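*Asks:* Bring the two chains, given one by one in their own frames, into a single complex with the hints.
The primary structure of each chain is shown beneath.
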Amino acid sequence: MNNDTLIPYVGVVTDIRIDTPDVKTFRVEAPEGGKLFEHMPGQCAMLSIPGVGEAMFSITSSPTNKEFMEFSIKKCGCLTEWLHAMEVGQMITVRGPYGNAFPVETELKGKDLLFIAGGIGLAPLRSVINYVRDKRENYGDIQIIYGSRSKDDLVDYQEILNEWMTDDGVEVDLTIDNAQEGWDGHVGFVPNYVKELDPSINKTVLICGPPIMIKFTLAGLKELGFKETQVYTTMELRMKCGVGKCGRCNIGNKYVCKDGPVFRFDQLGELPDEY
Amino acid sequence: MLRISADKLDSLFEAIAAKQALYIPADREDGEAEYKKYVSGMKLTSRLNTLRSAKDFFFPQTEDIVEFRMDGKKIEVNDIRKECEDFVIFGVRACDARSFTILDKVYLVDPVDSFYKNRRDHGTVVTMACSRPAETCFCQTFGIDPTAPEGDCACWKAGNYYYFKANTEKGQVFIDSIAGLLEEGDTAELDSTVARTREIMKKLPLANLSTENFGGDKLNEYFNSDKWAELSESCLGCGTCTFVCPTCQCYDIKDFNTGNGIKRYRCWDSCMYSDFTKMAHGNPRLTQLERFRQRFMHKLVYFPANNNGEFGCVGCGRCLSKCPISMNIVKVMKALEDK
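If you're matching them up, the sequences are chains W and V in order.
What the first sequence shows, in my numbering, is residues 1 to 275, in sequence order.
What the second sequence shows, in my numbering, is residues 1001 to 1339, in sequence order.
Straight-line distance between alpha carbons at most 20 Å, and here's what the computed EDC-like set of lysine to aspartate or glutamate pairs gives:
| # | chain 1 | residue 1 | chain 2 | residue 2 |
| --- | --- | --- | --- | --- |
| 1 | V | Lys1227 | W | Asp273 |
| 2 | V | Lys1117 | W | Asp4 |
| 3 | W | Lys258 | V | Asp1110 |
| 4 | V | Lys1074 | W | Asp15 |
| 5 | V | Lys1202 | V | Asp1191 |
| 6 | V | Lys1254 | W | Asp4 |
| 7 | W | Lys35 | V | Glu1076 |
| 8 | V | Lys1227 | W | Glu274 |
| 9 | W | Lys109 | W | Asp134 |
| 10 | V | Lys1105 | W | Asp259 |
| 11 | W | Lys222 | W | Glu270 |
| 12 | W | Lys258 | V | Asp1252 |
| 13 | V | Lys1073 | W | Glu32 |
| 14 | V | Lys1278 | W | Glu81 |
| 15 | V | Lys1254 | V | Asp1275 |
| 16 | V | Lys1263 | V | Asp1071 |
| 17 | V | Lys1218 | W | Asp273 |
| 18 | W | Lys203 | W | Glu228 |
| 19 | W | Lys109 | W | Glu228 |
| 20 | V | Lys1263 | W | Asp4 |
| 21 | V | Lys1073 | W | Glu81 |
| 22 | W | Lys203 | W | Asp173 |
| 23 | W | Lys75 | W | Asp152 |
| 24 | W | Lys24 | W | Glu81 |
Computed beta-carbon distance windows for the label pairs:
| # | chain 1 | residue 1 | chain 2 | residue 2 | range |
| --- | --- | --- | --- | --- | --- |
| 25 | W | Glu274 | V | Asn1078 | 31 to 41 Å |
| 26 | V | Gly1282 | W | Gly188 | 16 to 26 Å |
| 27 | V | Asn1257 | W | Arg17 | 25 to 35 Å |
| 28 | V | Leu1108 | W | Arg17 | 39 to 49 Å |
| 29 | V | Lys1165 | W | Phe37 | 41 to 51 Å |
| 30 | V | Asn1257 | W | Ile18 | 23 to 33 Å |
| 31 | V | Ala1280 | W | Phe216 | 19 to 29 Å |
| 32 | W | Lys66 | V | Ala1280 | 26 to 36 Å |
| 33 | V | Ala1280 | W | Phe37 | 22 to 32 Å |
Hint data in this document are derived by calculation from the structure and do not stem from the laboratory.
Please read these numbers as outputs of a predicted model, since none were measured by experiment.
Note that CB positions come from ideal geometry on N, CA and C, so glycine has one too.
This is chain V alone, in the form it adopts within the complex (with noise of 0.2 Å):
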């Protein structure tokens, strides 16, 4: 398997970024860690996941989707958008890798958002094996795998060593164009990692978490169940964990007067707030329950309904570790099942 030592991956990262803007996940100076567009010397983060989940690189917070030039009576429309650059995310973990084809099960159906395809296209993924899971982690529960992450081209460190294989055709042209930089060698030690790696994903706490409770045809079972109003009860509303979620993709469009003309853009939107439904007539989820319920039935019952059963989370609990009071899906699902 090609490979390369793990003191040469400064200069892997030069080459990459040699040709087309890299990101990595990097340490912030909180602790937490982010992508950083990648300069020299910037050092991959040690921390297992980065705060923010990876959707940013396709599905941005705020994103320009047209112009306008007003003038009287008159209006002026101008498309601006551009072919955006190839770019390479470096160290995309398994869960965050599988958020990008729920996204894309969004996005890139009839009629296609080409914002998200525009940078869909242009971008790389390198996903990052995890060997050292948390407590907060349950992407087996979503069948993945964060021994073998999809994306373009996986990664894994083992020893002394990061050892890469293709996933995809971009992912295949990833790795000859860094082919120079790598060499051929055995895996007996990426084989023992991956294994000691699903050694402890069996211990982990949330291991047996199981979605065979739930799916598509369980609307009236979830719908009207009474845990909802305990389990929504202590919810603020903040939205934080539609914001870290990296399946969350609800969107607001607004406008916004620059002084010379009309900017429209999107940006991330939240189904936890008050007035996400809001209408001049009234308000169909009038309650913080209504709000919370949506949330997770999407998630769990309506997405899965449309996407062959996929769920609409990938297990990644940042929420878990993020939701001020403590609340989450996985308490959400427990909850639900326990009749």
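Just chain W, same shape as in the assembly (with noise of 0.2 Å):
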């Protein structure tokens, strides 16, 4: 009998990072070494610990990285206070990749990218920084706006910082959503931040975070001229088999685990508002 995408691979943790006081981000490779999968920015794998339960989450590594995994996971429910639980050696099931990719080889390439991420919406467009960054040639100038509640919520932080942050061509504006101490950077939420910023027209948008800042910052951009054909995000429903098949993440005639989890929102606009 063939493989079936429901049977799942066994991944070891490596290595557990812990971003804030509820994301940790977890190394995944191979029992063997290397990754169990090739995958594109914007993907998403389902990990499991058996008898605990089965969930999808976005591969927050880019594709450029060809030792490990890793996924960038907030705890906010059953099988997330397990994750979170977990030391270094535990084993997960881990399946995929599903889903489509950020078009980072098509509509994409030779285009100045602006990035939108709050909180944990970091997670799926650290996938793609990554990887346009290491493929530098192919993209134009690179912005990336990412505010979260607090300095101690700001996922990726040390990356940000020493990475992200001294690349030539990358610009990083940090907002969080009120004052601190330590914190002499921007102070507000991210709708208002991109607004004051006044971004070129002429870049394309990867945006993800709550919806509520979605929907925020998608007005914002509008106002500013952005059109909806330029702006993409990535989309979460719950999920059971990851290929279209089990019926749950059905909006209109998309399956967000197949035909997502990314859509421009010219697209989304076609679909029921039901996410």
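*Replies:* Next comes the structure, spelled out in structure tokens:
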């Protein structure tokens, strides 16, 4: 019998980084070392602790990383509580990659890119950011606008400071919701910050974050003159199979697990407002 | 045409069951019919159709997928799939036979569902033409002819004979395997039975139900219809419609601790249930209106949009007779059309 996508691989957690009080980044490798499978930025994988549950997570590492995959996971439910309780060396099950990807080799190629993220919404975008940083010659300027509740809630903060901010042609604009000691950067919500920064409308936008942030940011981008065809996002819905069969993530005639999770806003506009 | 006299049906069943598992619709004590594994003496039901659809044969209500052995930090994955044994389902109605080709469009498209395909490959579907369709029947709405059912091999009961005709290669193999019991005979009685059935079909209460106002391009027309509120108002969210429906194919995946490892299985699920789309951060379908709308929009708009206009309903009428609040797809279609 052929392999079935519902039967997972086993992966080993080889490193755990504490990003924020409720986000950890897990490095996952095959038991014999190396990656379990290849993926493209924006694709997802089903992670599971057998007996606890299985859920879809975006692969936050870039495909250009040839050694391992990473998943940044926020503690917000039963499975994620268990994942956060893991120690290095723990095995989990992994299956994937699922879904489409950001069109890094087609529509995004040669473009100036604007990434806008809120909170854990940086996780799927980090894969794209590091991909385009590693293939710098294929893309124009990169601007990253990232906000979180507080300085402590900024995911990947050390990587942002030490790698992204030191790159030529990469502008990083950070903001936090409320002023706090030890923070001399911008304070305020992401949608307002985007409007303040007034980015060039020639940029192609990739956005991910809480639904409310996406909603207001998109409205602001439109005010600035951006068109829906310039803006991409990645969606989240409950999923079980990952291949468009179990029916759970069905919106209109699309299955988010298979036809998404990456959509352009003009494509999203054709779907029922049920996400 | 090849036929067998009705008094020899038992010997036909014996001959089939001697080679592989045979399932036939038989009576239950409560008066309903259900598919049962044939044993000597078992009789075909006289009821038109089974309470549950025939989808169980290919998409069972629960099915084990994989097992895990947990040992400290280690996990061992055991692929427990086995090649399934050949089997015959005898007496499938035209509506349920069509439902298999609808399920195929979900489970046999890339990536192929190996669990479904395994059963499909090993099952031979022998259909039974209808001669007394019920008031709840509306398979003709979906272009299904109950007097000429699909399936691997079709069978007709007319007068004192059962007639057989192969529709597929698998069906021909089946006929060849029972050829010794069949005889050639004229079809005069069969032709008149079919003609009589066609007359009955014209007079069925739902004979004029049409799909012309539905299809893949009707999203905007119906999604925001104000009819959904009234239609869904009394829906209990019990999921009965989903479970008796031959084309409903959503499933859940769950883990079970056997005390000796973890068994992962899938089971039928329903978009009518409140936790179907519930996530840690919220639920995009908060009320029964949205869940109810999803089920019917999927059958009447989304499925046809992805499948060349084919609808996700076969008109078997089970939901019409089983919904505890008497809501069903026919009422939904009529209400939506009535602008």
